[in-house]
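Q: For this one, chain S is given, so just place chains E and X on it according to the hints.
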Amino acid sequence: MVKKSLSKIYMVLIFLFLYLPIAVLIVLSFNNSISRVHWGGFTLDWYRELFQSETIMSAFYTTLSITLISALVSTIIGTMAAIGISAMRKKGKAIMLGATNIPLLNADIVTGISLMLLFVRFTNLGMSTVLLAHITFNIPYVILNVMPKLNGLPQHTYEAALDLGATPAYAFYKIVWPDILPGVFSGFLMAMTMSLDDFSITYFTKGAGINTLSTMIYTQLRKGILPEMYALSTILFLIALLLLLLINYRSLEHPARHRKERK
Amino acid sequence: MAANLIELKNISKSYDGTLILDDLNLTIKENEFLTLLGPSGCGKTTTLRLIGGFETPDRGQILFGGEDISSLPPYERKLNTVFQKYALFTHMSIAENIAFGLKISKKSKAYIDDKIKYALKLVNLDGYEHRSIDSLSGGQQQRIAIARAIVNEPKVLLLDEPLGALDLKLRQDMQYELIRLKNELGITFIYVTHDQEEALTMSDTIAVMNQGYIQQIGSPEDIYNEPCNAFVADFIGESNIIDGVMVHDKLVSFLCIEHECVDTGFGNNQPVDVVIRPEDLEIVAPCDGFMEGDITSVIFKGVHYEIEVLAHGYEWLIHTTQYFEQGSHVGLRVIPFNIQIMHKPESSDEKAVVLDE
Amino acid sequence: MSKRKRRLFAGPYMVWIIGFTVLPILMILYYAFTNADGSFTLSYLAGIGDPVHLKALLLSLRLAVECTVICLILSYPLAMILHGLNIKKQSFVVFIFVLPMWMNFMLRILAWQMLLANNGIINHLLNLLGLHSVRILNTPTAVVFGMVYDFLPFMILPIYNSMIRIRKDVIEAAKDLGANDRIVFFKIIVPMTMSGVISGITMVFVPALTSFVVSDLLGGGKVLLIGNVIEQSFMQGSEWNLGSGLSIVLMIFVIASMAFMNSHSKETEGTAVW
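Protein chains in written order, with the numbering used here: chain S, 499 to 761; chain E, 49 to 405; chain X, 1082 to 1355.
Certain hints may be false.
Result set (SDA-like, lysine to any residue): computed pairs, CA atoms no more than 20 Å apart in a straight line [as the list claims (entries may be wrong)]:
id: 1; chain 1: S; residue 1: K672; chain 2: S; residue 2: I574
id: 2; chain 1: X; residue 1: K1268; chain 2: E; residue 2: N79
id: 3; chain 1: E; residue 1: K126; chain 2: X; residue 2: K1084
id: 4; chain 1: X; residue 1: K1084; chain 2: S; residue 2: M578
In short, the hints are calculated from the structure, not lab data.
Just chain S, with the same shape it has in the complex (with noise of 0.2 Å):
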């Protein structure tokens, strides 16, 4: 019994260790202060002027078609990826793979120097070296979700779907294309959080002329940041919740199926 309520007690720590900071930053999208410690009374000001704001504005927008397009880019490349991966023979694997695995454990602000590095060779910085270094980092994420489902594919399906005469197309989008799909579900939200998240290699390739959210944080954080930031933020974190929340209860109803694989 104690046992039991000394790790519930644990749990509750770790939690409110993980959410505190997100309580705090919600209870200042309200404050009617400007200062961060002291309560001025409820207010829906800065939620107000955050949609005034040209320069939030712009640089949600950003964040936002950012986040999407890299998503959406490395989903589809990443897909086929791993598509082509699982057809290779070992050696092939196992040089993709390790390749696949740089940006995901080399450090990020050596990926974004790098990065940077090669853009501003060819190119000049901006909105499009962004997108070109997120889909880069996102890709990794799309193949590791999607490599599993593909192995965990029951054998010979797909053969067995050619064989009662489908179209190689067909047999895809019949067989494998449903399996494989919450692999990619799970690919595409995880390329977007992560690029929602990130910081460091924006940081580096984006130049002068742009801002994300993030960056822009970053460049405010000597200024002192302005409350409609907060109110963005609890925004995004609420659309975020109730999204997840939805794709959760939706999974809920419909269980994954479980393969195991015996030998």
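A: Then chains E and X, alone, in the frame of chain S:
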């Protein structure tokens, strides 16, 4: 007569409000090979897990050599289990797997090495000490699981469908191996299976379970020849089971025929189940049988033909070594001794499961 | 589709790897090993010998080790507790730990800055309880605190994932063979979760070693990590060659630590976070 080793007294157990075992009583003797046989969900695995200590009973007592062990954790019980999916430690070598229990009981290194050698020899895998678990086939993994259990010299070995994952040929070989092991070790085996053939081959005693009750307990011969109700008759081997009425002692009526039998004590005009084993029905000339019918199918099964005869609105199953033409008109004969009369199941549960089959 | 044709699907990705993974590394190598006039030199690599740089590197290593150890100590019991809860939907656990990432991490760190400030909420509370206030802001301790906060999920999730993969009957088998809870823990659970621990350590140690934002925010400019040195050499000065040289040194440390971790794990299959 050997002494009682394990006694289960009035055991009840339920999960999430579902009653799995209801007032179960079971006695296991020393050196017995006892099989708990039944369909999935009958409570046989729960019974085994209660004995092994992985579950505690809601009510009742488990006695081991007269001592109550109901609340002892598994690691303090003098018995070992062979799990359905082997449950080997994949991060250890075969030798380390086998040595696991011995190291915990702080045996000397020389003793442990000796035991590993001995156990591997016993399961016909000498020289496999340093192989990895992953390199073994299913049958070999099962042998290691057995070796890992028996080196601890348990008084009782619990086996939870240990052959379920193996293919037919391997399963049959392992059945003989297990009987040999049992005889060499001279310990008690409690074996759980849903495979009636496995149970008949290996056991000294079979307990047929259904819906949390023991339906019948006895030697394989008793269970096969004298099933006490239609569920047991149907579960052990194939049977023709027909609704009948006991007219009076030694006379039963079914499908509008009256036939002599040898059973007494069912009362007069009582509804009963009439069970006739397929090998006890004889195909004869139409006029020589107690009823006539037409052969609807003939299937060659190797040792015998499986023949179906439609007579009096019932598809009779017959096993015979003689060949008959499909479509021919024949008579059926059975000697009174081979007609088994059974009480109608009392609980609706028993009935329900029969319908499921 | 034949296997050969299917392999072609990896084509675009191969081009991408060459263009955006291999080529950038070559670029950084080029800068690291050449002078402003393009001739070969090792002096930028040797730049790590500069006392300031060396001190930053050593501090980074120390803080990264501290952060990793703390994450491990916090995560392992938590993973066990979570595992004990028998949550049917494992994705829900992942969800809890991934969700905070959807609020910008700099803002979250900033919130900690406010909470931990000398006149911040936590000190107010401590004073109310009659306790001494904590003054950790702008010290290496605060930086470790922030890193632990940021990287904790990357330790918990792989360990949790490897833990739920242990089959229940394996634990029962160990108990059946006489193992009490302590032996089950040390002989079965710990070795069988090693792969998760290893990937957790890698996923925390490398970013901690190379981080520069957390130290900026919580170190108040007083904690100089190797990441800060590299960042400044690119963004404040324009000593690109030196920055590249130091990056190469950093990469060597990253690769070395990963090689070390890999040599200590038998399994090659990593434990994915998601």
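Q: Hey, K672 (chain S) versus I574 (chain S), does the alpha-carbon distance stay inside 20 Å?
A: It holds: about 18 Å lies between the C-alpha atoms, which stays within 20 Å.
Q: Do the alpha carbons of K1268 (chain X) and N79 (chain E) lie within 20 Å of each other, as the hint requires?
A: With Cα atoms ~33 Å apart, K1268 (chain X) and N79 (chain E) exceed 20 Å; violated.
Q: Taking 20 Å as the top limit, are the C-alpha atoms of K1084 (chain X) and M578 (chain S) close enough?
A: With Cα atoms ~13 Å apart, K1084 (chain X) and M578 (chain S) stay inside 20 Å; holds.
Q: Given the hint that K126 (chain E) pairs with K1084 (chain X), test it: the Cα-Cα distance must not exceed 20 Å.
A: Distance of about 56 Å is beyond 20 Å: violated.
Of the numbered hints stated above, those contradicted by the structure are hints 2, 3, listed in ascending order.
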